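**Student:** The lines below spell out each chain.
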Amino acid sequence: MSDTLPLSIQNNRRMEKWIRFEPDRTVRLAVGKVELGQGNVTALAQIAADELDVDLTRISVLSGDTEAAPDEGQTTSSQSIEVSGRSVRLVSAELRARVLDRLARRLNCSPTELSIDDGVFRRGDASTGHDYWNFAASEDFTDEIAGTATPKSHEAYRYVGKPLPRRDLPAKVTGAAFIHDMVRPDMLHARMLRQPCRGARLAALDEAALRRGERGEFRIVRVGDLVAFVGSDETVVQRAASVAPLHAKWDNVAPITTEQQEAAWLVGQPSHDRVLGTEAPPATANVMSASYSRPYIAHASIAPSCALAEYRNGHLSVWSHTQGVYPLRAALANVLGLSQEAITVRHAHGAGCYGHNGADDVAVDAAVIASQIPDHCIRVQWRREEEFGFEPVGPAMHVSLRAALDDAGKPQEWTAEIWSATHVQRPSSGGNMLTHEALPTPPPDPRPTDPPEANGGGGTRNAFVLYDVPVKRVLHHLVLRAPVRTSALRGLGALPNVFAIECFVDELAERAGIDPVQYRLSMLSDIRARRLIENLAQRCDWGSRGGAGTGRGLGLGWARYKNRAAYAAVAAEVEVDQEVKLRRIWCAADAGLVINPDGARNQLEGGIVQAASMVLKEQVRMEGDGITSVDWDSYPILRFSEVPEIDTEIIHAPDLPTLGMGECTFGPTAAAIGNAVAHALGARIRDMPFTRERIEAALLR
Amino acid sequence: MAIELIVNGRAVQISVPGTAPLLDVLRNQLDLKGARYGCGLEQCGSCMVLLDGEPIYACSREVGTAAGGRITTIEGLGTAERPHPLQQAFLDEQAGQCGYCLSGIIMRAKALLDHNPSPTRDDIAGALDKNLCRCGAHPRILRAVEKAAAMLREGKGA
Numbered sequence: 047m048s049d050t051l052p053l054s055i056q057n058n059r060r061m062e063k064w065i066r067f068e069p070d071r072t073v074r075l076a077v078g079k080v081e082l083g084q085g086n087v088t089a090l091a092q093i094a095a096d097e098l099d100v101d102l103t104r105i106s107v108l109s110g111d112t113e114a115a116p117d118e119g120q121t122t123s124s125q126s127i128e129v130s131g132r133s134v135r136l137v138s139a140e141l142r143a144r145v146l147d148r149l150a151r152r153l154n155c156s157p158t159e160l161s162i163d164d165g166v167f168r169r170g171d172a173s174t175g176h177d178y179w180n181f182a183a184s185e186d187f188t189d190e191i192a193g194t195a196t197p198k199s200h201e202a203y204r205y206v207g208k209p210l211p212r213r214d215l216p217a218k219v220t221g222a223a224f225i226h227d228m229v230r231p232d233m234l235h236a237r238m239l240r241q242p243c244r245g246a247r248l249a250a251l252d253e254a255a256l257r258r259g260e261r262g263e264f265r266i267v268r269v270g271d272l273v274a275f276v277g278s279d280e281t282v283v284q285r286a287a288s289v290a291p292l293h294a295k296w297d298n299v300a301p302i303t304t305e306q307q308e309a310a311w312l313v314g315q316p317s318h319d320r321v322l323g324t325e326a327p328p329a330t331a332n333v334m335s336a337s338y339s340r341p342y343i344a345h346a347s348i349a350p351s352c353a354l355a356e357y358r359n360g361h362l363s364v365w366s367h368t369q370g371v372y373p374l375r376a377a378l379a380n381v382l383g384l385s386q387e388a389i390t391v392r393h394a395h396g397a398g399c400y401g402h403n404g405a406d407d408v409a410v411d412a413a414v415i416a417s418q419i420p421d422h423c424i425r426v427q428w429r430r431e432e433e434f435g436f437e438p439v440g441p442a443m444h445v446s447l448r449a450a451l452d453d454a455g456k457p458q459e460w461t462a463e464i465w466s467a468t469h470v471q472r473p474s475s476g477g478n479m480l481t482h483e484a485l486p487t488p489p490p491d492p493r494p495t496d497p498p499e500a501n502g503g504g505g506t507r508n509a510f511v512l513y514d515v516p517v518k519r520v521l522h523h524l525v526l527r528a529p530v531r532t533s534a535l536r537g538l539g540a541l542p543n544v545f546a547i548e549c550f551v552d553e554l555a556e557r558a559g560i561d562p563v564q565y566r567l568s569m570l571s572d573i574r575a576r577r578l579i580e581n582l583a584q585r586c587d588w589g590s591r592g593g594a595g596t597g598r599g600l601g602l603g604w605a606r607y608k609n610r611a612a613y614a615a616v617a618a619e620v621e622v623d624q625e626v627k628l629r630r631i632w633c634a635a636d637a638g639l640v641i642n643p644d645g646a647r648n649q650l651e652g653g654i655v656q657a658a659s660m661v662l663k664e665q666v667r668m669e670g671d672g673i674t675s676v677d678w679d680s681y682p683i684l685r686f687s688e689v690p691e692i693d694t695e696i697i698h699a700p701d702l703p704t705l706g707m708g709e710c711t712f713g714p715t716a717a718a719i720g721n722a723v724a725h726a727l728g729a730r731i732r733d734m735p736f737t738r739e740r741i742e743a744a745l746l747r
Numbered sequence: 024m025a026i027e028l029i030v031n032g033r034a035v036q037i038s039v040p041g042t043a044p045l046l047d048v049l050r051n052q053l054d055l056k057g058a059r060y061g062c063g064l065e066q067c068g069s070c071m072v073l074l075d076g077e078p079i080y081a082c083s084r085e086v087g088t089a090a091g092g093r094i095t096t097i098e099g100l101g102t103a104e105r106p107h108p109l110q111q112a113f114l115d116e117q118a119g120q121c122g123y124c125l126s127g128i129i130m131r132a133k134a135l136l137d138h139n140p141s142p143t144r145d146d147i148a149g150a151l152d153k154n155l156c157r158c159g160a161h162p163r164i165l166r167a168v169e170k171a172a173a174m175l176r177e178g179k180g181a
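Protein chains in written order, with this note's numbering: chain L, 47 to 747; chain V, 24 to 181.
Just to be clear, a hint being listed does not mean it is correct.
Quick list of the computed label-pair ranges, beta carbon to beta carbon [stated by the list, open to error]:
#1 Ile573(L) x Ser141(V): 34 to 40 Å
#2 Met334(L) x Ser83(V): 35 to 41 Å
#3 Thr143(V) x Ser474(L): 47 to 53 Å
#4 Gly149(V) x Asp452(L): 24 to 30 Å
#5 Asp693(L) x Ser141(V): 44 to 50 Å
#6 Ser141(V) x Arg230(L): 28 to 34 Å
#7 Arg576(L) x Ser141(V): 41 to 47 Å
#8 Asn180(L) x Ser83(V): 57 to 63 Å
#9 Gly178(V) x Asp189(L): 56 to 62 Å
#10 Ala192(L) x Ser83(V): 41 to 47 Å
#11 Gly149(V) x Val299(L): 52 to 58 Å
#12 Pro488(L) x Pro40(V): 48 to 54 Å
The list that follows gives simulated cross-link-like pairs (lysine-lysine, DSS-like), each with its CA atoms no further than 27 Å apart [as the list claims (entries may be wrong)]:
#13 Lys663(L) x Lys153(V)
#14 Lys153(V) x Lys627(L)
#15 Lys170(V) x Lys627(L)
#16 Lys153(V) x Lys208(L)
Everything labelled a hint here was simulated from the structure, so no lab data went into it. Treat the numbers as computed from the prediction; the structure is a model and nothing was measured. C-beta: ideal position from N, C-alpha, C; glycine also.
The whole structure should be built from the sequences, with the hints applied where relevant.
**Tutor:** Here it is as structure tokens:
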């Protein structure tokens with residue numbers, strides 16, 4: 047039985063770890079997934095309230111705390127509702143059933159005669175005089191979770207399925223709400239001088255020059271090649287850090303050339319190669335091929351990363367906007383040589399991260415400084431150029447597609463060949479903490495791996511086409527060394543792969559002389575996918591789509607995220623002159639049972655805007671010491687006047703299991719824009735971002 | 024030398040060098056955390072506050088140059104219990120994801136609505152164009168400002 051339980055329950059079998067009924071008649075739900083701006087914590091509370099039959103207002107949620115909340119690993123991969131939500135539902139349903147059973151035995155009645163009204167047990171129309179809180183000390187709350195209780199059917203839900211407001215938003219529109227705003231006793235501010243790259247050695251730091259003209263007090267903490275400026279006045283340490291790079295000389299800096307910032311550079315680099323799918327040699331007759339690419343992409347969180355750490359009486363306490371408090375605790379133990387029991391990590395709200403950004407690294411910065419200055423709270427705030435320059439970036443990808451076609455122009459064989467550096471270098475998956483590399487005993491070279499296909503893959507995420515093609519294969523070249531550190535960015539390989547697949551399908555349709563929607567439907571037997579495409583085609587008035595090359599274009603794309611999570615289809619209408627203007631976007635999504643439709647819509651639309659920004663504008667630039675796109679001028683993102691109207695429809699499917707949907711619009715949006723721009727221009731751009739130069743080049747071809 | 028400011032209607036004196044960024048003074052001397060550090064470069068708008076009714080970037084504004092001025096921060100609009108119509112409209116529309124950019128955006132929107140009570144969608148987008156949102160909550164934010172404008176025109180709230 048336990049192998050069918052969600053991982054979150056398998057790893058946290060004690061009921062009390064999840065749910066406690068408190069003396070003040072509230073219910074404390076503890077979860078390991080954390081709020082990153084997705085609204086997941088509100089949705090998890092909705093699920094618990096329904097299964098327990100208590101008012102939602104009674105439920106407080108503790109999320110991300112190594113002392114008190116379950117270990118649910120990382121908050122990634124659209125798993126909060128699919129996995130944690132399923133776990134909370136099973137745990138709540140089991141607690142409800144256990145307590146009802148106990149009461150029924152005591153009253154000598156059947157549990158079916160009992161009902162619950164806001165935590166109070168009733169028998170028929172009469173109160174039993176009992177409630178959950180009477181039983182809070184019973185073993186029902188401490189015993190191991192079996193995971194065998196039957197949750198309610200969706201018709202019985204009172205909160206699930208309702209667009210309820212986010213719990214965290216009021217604080218965020220009125221004042222202090224973030225880790226950046228925390229104030230602790232004996233707090234000192236710190237800023238970092240960063241090692242330009244792994245292996246660089248600090249040859250000289252001109253402290254006298256650094257202190258000249260600076261009126262305030264600060265101390266310099268140096269551990270190996272890690273340098274921090276620490277003091278009680280934030281302004282003073284910020285100024286010291288901002289000029290410090292001018293007064294530091296580094297040896298052993300490996301220079302980067304601008305050629306290395308392009309996806310095309312990856313092809314031919316040393317790589318770990320695999321063949322997935324059919325082993326048979328590829329067909330050679332009637333083959334069509336094309337290559338697509340995405341460059342390195344920044345998470346570009348609106349807030350540079352921040353962390354607090356204090357070392358008191360041999361115990362290290364860390365506050366972090368990490369995606370996973372337990373994995374961060376393990377990484378801290380490894381870097382500092384402490385036992386995990388000597389460390390507590392608590393989650394505090396940060397800005398959206400969209401994957402593995404500087405959150406964990408800054409926490410290690412703070413912890414190392416705290417170990418040097420005990421009995422103080424060390425608050426490290428990264429600078430803007432530090433976040434852009436030193437966070438791990440989303441890897442560039444080069445994707446070559448080849449299709450062997452039949453006489454009707456339909457693919458009979460489909461090969462995707464992918465070149466990409468690793469998509470995950472979290473410390474829990476073989477990566478190194480930035481801080482660790484600057485310490486006197488740096489860790490060995492990171493071991494390049496990619497998430498296994500069982501977890502959705504990294505570079506191979508969404509690489510297998512979902513169309514009815516008899517023979518499919520993926521050739522994956524995991525490039526061993528990228529010019530800069532790469533790690534997880536929303537959707538991993540899904541955006542470049544879906545962009546490539548869905549653009550290529552339009553190219554194949556054009557070659558076959560078939561309308562792109564008809565062409566897709568003619569080789570797609572997945573009913574849920576067909577329904578989305580048909581819905582979308584109707585809403586965007588696909589039938590009136592004219593010829594190509596008028597400067598105005600309509601295109602679409604779809605995917606099922608990770609080939610097993612939520613479905614999304616997106617259509618985009620664009621106008622292209624010297625630049626691409628987004629006129630309108632339509633989206634249809636199917637995520638099965640949706641817990642909070644407004645939160646879901648927010649995620650779908652946010653994914654659309656962010657993907658559009660990446661397709662049209664974004665590329666991490668590199669040269670010399672490292673990343674050169676270190677501000678918002680050199681790394682522009684989509685602005686208010688550039689964001690179109692978005693018309694989203696969520697397909698009602700409450701009988702079907704919830705599917706993670708936080709990343710599902712990413713690939714389809716990129717594809718829809720790619721196809722719309724090709725329709726507008728009558729010429730295709732296959733490389734992101736769609737700059738003015740690429741538009742001109744496409745028109746000249 | 025003490026610098027005098029009127030912050031959210033209250034006269035305050037602070038002893039910091041005149042070159043200190045207003046943002047640091049608000050956050051660390053006055054414990055007003057609503058204005059947020061995002062870039063320090065006047066590029067993202069997370070730190071936006073009003074000085075004598077005009078939106079300014081607190082991150083790069085030297086406090087000495089604001090001496091004697093009237094500063095309004097997000098804390099000066101309303102509280103979670105008694106929100107300003109702009110804050111209420113953002114909650115009604117659930118206009119945000121991570122929320123880090125919102126206080127700067129709301130302050131810029133406040134300045135817009137003070138000058139133009141009936142802005143078009145394009146007016147709002149234009150006014151907010153120097154404020155960045157990375158989560159992609161833009162359509163909701165535009166709707167929220169439109170809604171707040173309507174609420175204010177109808178006299179609901181401040």
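**Student:** Run every hint past the structure and note whether it holds.
**Tutor:** Status of each hint after checking the structure:
1. With their beta carbons about 48 Å apart, Ile573(L) and Ser141(V) fall outside the hinted range of 34 to 40 Å.
2. Taking 35 to 41 Å as the suggested C-beta distance range, the pair Met334(L) and Ser83(V) does not conform, at roughly 54 Å.
3. For the pair Thr143(V) and Ser474(L), the supplied restraint of 47 to 53 Å holds, since their beta-carbon distance comes to about 49 Å.
4. Checked against the given bound of 24 to 30 Å, the beta carbons of Gly149(V) and Asp452(L), roughly 52 Å apart, lie outside it.
5. For the pair Asp693(L) and Ser141(V), the supplied restraint of 44 to 50 Å is violated, since their beta-carbon distance comes to about 25 Å.
6. Checked against the given bound of 28 to 34 Å, the beta carbons of Ser141(V) and Arg230(L), roughly 46 Å apart, lie outside it.
7. Our hint of 41 to 47 Å for Arg576(L) and Ser141(V) holds, since their Cβ atoms are close to 45 Å apart.
8. Checking the proposed 57 to 63 Å range against Asn180(L) and Ser83(V) shows it holds: the Cβ atoms sit about 59 Å from each other.
9. As the Cβ distance of Gly178(V) to Asp189(L) is approximately 58 Å, the hint placing it in 56 to 62 Å holds.
10. Evaluation of the 41 to 47 Å hint for Ala192(L) and Ser83(V) yields a failure: the beta carbon distance comes to about 59 Å.
11. Separated by about 43 Å at the C-beta atoms, Gly149(V) and Val299(L) break the suggested range of 52 to 58 Å.
12. Between Pro488(L) and Pro40(V) the Cβ separation comes to about 39 Å, which falls outside the hinted range of 48 to 54 Å.
13. Of the supplied pair hints, the one linking Lys663(L) and Lys153(V) holds, its CA atoms being roughly 16 Å apart against a limit of 27 Å.
14. For the hint pairing Lys153(V) with Lys627(L), the CA-to-CA distance comes to about 18 Å; that is within 27 Å, so the pair holds.
15. Straight-line distance between C-alpha atoms of Lys170(V) and Lys627(L) comes to about 26 Å, which keeps the hinted pair within the 27 Å bound.
16. Annotation: proposed proximity of Lys153(V) to Lys208(L) is violated, straight-line Cα distance about 34 Å (limit 27 Å).
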